[in-house]
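Mind docking chain B on chain A? Use the hints.
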Amino acid sequence: MKVPITIDGQMVQIDKGAPIIDAAKKAGVVIPTLCYHEALKPYGSCRLCMVEILLNKQRRLVTACNFPVEVGMEVFTDTAKVRHIRRMIIELLLARCPDVLSLHAMAKQMGIKSSRFKKQDSTECILCGLCVRFCEEVVGVSAIGLVSRGIDREVATPFKVASDVCIGCGSCTYICPTGCIEMVSDKKIPQMRIMKMGQHSLKACINEFQCETCPVGKEFFEDMRLVIAEFRNN
Amino acid sequence: MKQIKTISDLEDLRKSILKQRDPEKITIRMCLSTGCRAKKSIKVISALEDELNNQGFQGKVEIKRTGCHGFCEMGPIMVIEPANIFYRQVTSGDIADIVSETILKGNIVKRLLWKDAGTKEYTKTERELPLYKKQKKHLSYNSGKIDPTDIEDYIAADGYSALCKALSAMTPAEIVETVAASGLRGRGGGGFPTGLKWRICSTAPSDIKYIIANGDEGDPGAFMDRSLMEGDPHRIIEGMIIAAFAIGAGQGFLYVREEYPIAIEHLSLAIQKAKEYGLLGNNILGKGFDFNIAINKGAGAFVCGEETALIISIEGKSGTPRSRPPYPAFEGLWEKPTIINNVETLGNIPQIILKGADWYSNIGTSTSKGTKIFSLVGKVRNTGLVEVEMGMTLREIIFDIGGGIRKNRQFKAVQTGGPSGGCIPISKIDMPVDYDSLREAGAIMGSGGMIVMDETSCMVDIARYFLNFLLFESCGKCVPCREGLKQMHHILTNICEGNGEKGDIKALTELGHFMISTSLCGLGATAPNPVLSTLRYFHDEYVAHIYDKKCLAGVCKNLFEYMIDETLCNGCTLCKIRCPEKAISGEKKKPHRIDTAKCIKCGICYNSCKKQAVIVI
Chain A
1 MKVPITIDGQ
11 MVQIDKGAPI
21 IDAAKKAGVV
31 IPTLCYHEAL
41 KPYGSCRLCM
51 VEILLNKQRR
61 LVTACNFPVE
71 VGMEVFTDTA
81 KVRHIRRMII
91 ELLLARCPDV
101 LSLHAMAKQM
111 GIKSSRFKKQ
121 DSTECILCGL
131 CVRFCEEVVG
141 VSAIGLVSRG
151 IDREVATPFK
161 VASDVCIGCG
171 SCTYICPTGC
181 IEMVSDKKIP
191 QMRIMKMGQH
201 SLKACINEFQ
211 CETCPVGKEF
221 FEDMRLVIAE
231 FRNN
Chain B
1001 MKQIKTISDL
1011 EDLRKSILKQ
1021 RDPEKITIRM
1031 CLSTGCRAKK
1041 SIKVISALED
1051 ELNNQGFQGK
1061 VEIKRTGCHG
1071 FCEMGPIMVI
1081 EPANIFYRQV
1091 TSGDIADIVS
1101 ETILKGNIVK
1111 RLLWKDAGTK
1121 EYTKTERELP
1131 LYKKQKKHLS
1141 YNSGKIDPTD
1151 IEDYIAADGY
1161 SALCKALSAM
1171 TPAEIVETVA
1181 ASGLRGRGGG
1191 GFPTGLKWRI
1201 CSTAPSDIKY
1211 IIANGDEGDP
1221 GAFMDRSLME
1231 GDPHRIIEGM
1241 IIAAFAIGAG
1251 QGFLYVREEY
1261 PIAIEHLSLA
1271 IQKAKEYGLL
1281 GNNILGKGFD
1291 FNIAINKGAG
1301 AFVCGEETAL
1311 IISIEGKSGT
1321 PRSRPPYPAF
1331 EGLWEKPTII
1341 NNVETLGNIP
1351 QIILKGADWY
1361 SNIGTSTSKG
1371 TKIFSLVGKV
1381 RNTGLVEVEM
1391 GMTLREIIFD
1401 IGGGIRKNRQ
1411 FKAVQTGGPS
1421 GGCIPISKID
1431 MPVDYDSLRE
1441 AGAIMGSGGM
1451 IVMDETSCMV
1461 DIARYFLNFL
1471 LFESCGKCVP
1481 CREGLKQMHH
1491 ILTNICEGNG
1501 EKGDIKALTE
1511 LGHFMISTSL
1521 CGLGATAPNP
1531 VLSTLRYFHD
1541 EYVAHIYDKK
1551 CLAGVCKNLF
1561 EYMIDETLCN
1571 GCTLCKIRCP
1581 EKAISGEKKK
1591 PHRIDTAKCI
1601 KCGICYNSCK
1611 KQAVIVI
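For the protein sequence lines, the chains are A and B, in the order given.
With the numbering used here as the guide, the letters of the first sequence map in order to residues 1 to 234.
With the numbering used here as the guide, the letters of the second sequence map in order to residues 1001 to 1617.
If we strip away everything but chain A, and leave its shape as in the complex, we get (with noise of 0.2 Å):
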């Protein structure tokens, strides 16, 4: 059943429960996000794509990734509010990951030119989650995790070995928003890479990353090509 609901004033007609973003979308209004992605499960985690709605005459923040659209909701993209949350989380962001160019990128486009925050041992991850889910939702092996809670918390193998269910298929790597997981040469065996992420290395391509023809379960990669093909057009 399709709902009519608007985003910025503009009405845009949707399935009912679909997430905000959806309908931002169809309605041509971009919603800036870090660990979003079509072809997962959404998470909810960067908080960077939250908006005001106004349902039932209450005015509320959420997250436009995951929060289903209802008859008559008004959502809000651009507010002082919505806003400033957006250069809290970039700010934030950047003083856990000072060097990533991507987000960078993003300041600038909101205006922030420094974090105010403390800068921390430089990591590049910033925990969007991307790559574990796209692991366990899309390639279906799970080779990699989240691990510890809180400040601990970090992406990793089972117990931190080198794994051994990893398929070589580097969807970490393209799906990375950062670039912090980067496939190497293994210089003793020149044909074969290792996808390194900090100090975690996953298993090597034995097809040299043709994943078009590989051998490792051919039926699995009829739906994965369309995905990897989007993700290098990209």
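Bear in mind the hints are in silico, worked out from the structure with no lab data behind them.
Treat the hints loosely; a few may be bogus.
DMTMM-like mimics (lysine to aspartate or glutamate), calculated; alpha carbons at most 20 Å apart, straight line [unchecked claim]:
(1) A/K119 x B/D1147
(2) A/K119 x B/E1510
(3) B/K1506 x A/E91
(4) A/K118 x B/D1050
(5) A/K41 x B/D1504
(6) A/K118 x B/E1501
(7) B/K1040 x B/D1400
(8) B/K1015 x B/D1116
(9) A/K119 x B/E1497
(10) B/K1137 x B/E1331
(11) A/K196 x A/E136
(12) B/K1317 x A/E136
(13) B/K1317 x A/E91
(14) A/K81 x B/E1510
(15) B/K1317 x A/D152
(16) A/K113 x B/E1051
(17) B/K1040 x B/D1050
(18) A/K118 x B/D1436
(19) B/K1137 x B/E1121
(20) A/K41 x B/E1315
(21) B/K1019 x B/E1081
(22) A/K118 x B/E1081
(23) A/K119 x B/E1501
(24) A/K16 x B/E1331
(25) B/K1317 x A/E154
(26) B/K1105 x B/D1150
(27) A/K118 x A/E91
(28) B/K1064 x B/D1150
(29) A/K41 x B/E1335
Chain B only, in chain A's frame:
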């Protein structure tokens, strides 16, 4: 053993249990809960048994191994009935005296009585203790009185009557409406109306529904749920069965942390016994209603007390919260409608069903009904578990029940609601304790922790302490909570170390409000409370730390010096003897001095001076 099938079966059983009991028989109630057990109450009990046997009292004196009495500080606790004599800190060495004096002759062993530190008066009986006098024990009535491992003891105390009433005389909808009319609100922290939650779940269309009892108590210094689970497990199970019947659930889960082994042991036993008596399992009380309970042991993450994280944890994944909606009442455990209630909330259900919604809603304030168990700890004279009517003032709880502040110091603040609660100052001490007043004051009810602080507590340091706890207990999923806490903690550490800067207060306030409005779950949304509430009520202390570089509570070591007030010092030399750095000089009976260059600010002189001549500047 006969299974209970009808109300009359239960009544017959209760009568036969009571018939075998002699109210005049001497009964010794000994606490075997965690606190007393840590103080060797098991040893005391076996010594008591031996002594009674030696004196030929077999069968004449009954020993009851009970749950928590609430006065854990004074453990091991022993109460001798029917005279209600209260002995505290009983050791095996006291047993001979207790048997020869109290049991044999009815005399009192004075040294074991509780003595008021202020008035120096002794209290003879349990019911006269200041800690208990102003309490209203409805929920914790059985705890400390019955044997939690004996289902018949619970049945004798009107146990499972509410279940019989609910299953035979009420429809599920009537139960939901009774709970709604009682005004009961969730005891886990949020304070959501329980009846409303049940109503939503009972109307959710699904054949399979679940009920979860949340016993994942993780606040530092809180032990209300543990005591209830250890001391009266059947009450929680009875509440769960009634809730399951009301919403149509067939399976329940009790989520208890692994660190509570006695609670797990007693609950497991209670489930097994309830099954044997036909109160749990298939065709309960012959009404064709099937319900089972499984215990799920939590691995001790604070965040798993959050309902969505707890559900995910039961599903076998790592406990991180997820966004709501969908709410668990529609889509919870394995995507089925799920009710998740705190164990204390469920413990309230039997009495509401038995005594009625009107009875319950007459207790408490207009918006917060019933009683609430608090763990009163910190710098008060009497610490322990207290169950009071909602709306009692903080002053009554801290000064009447808690007996005031230790060492005659000044009350400074009380921290309610655990690590994500807030600090309430002296100006609000006459505030009634209920959900809404606490929220207005910038704190929360939480699960009921109450930490009292005096003038020697630095509020900036307190805020830093709680943030440090949350820093490692946040799940780390969302940016505001993980990164916001890290930055706030960094700023607070700077302030405490004397490196506070202009702009710190503004940054803390901004980060705090940002976290409240953007965090993914309740943990992140309440995590800044310790900072924001201390900023609100103790702003001067922050200013003193940042601009004057002074911590007048004498906690932040870079920001104060110890000095001896020469007008107060009588030259007893105690501080000089105890100082590990030999930083104190002075002759006997003449004022002493501290060499600040040598002083390491360990505080030994400050705490040992009887004249309070050591001062913080």
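Name the hints, by number, that the structure is in violation of. Hints 1, 4, 5, 7, 8, 10, 13, 16, 18, 19, 22 and 26 are the ones this structure does not satisfy, whereas the remaining hints hold.
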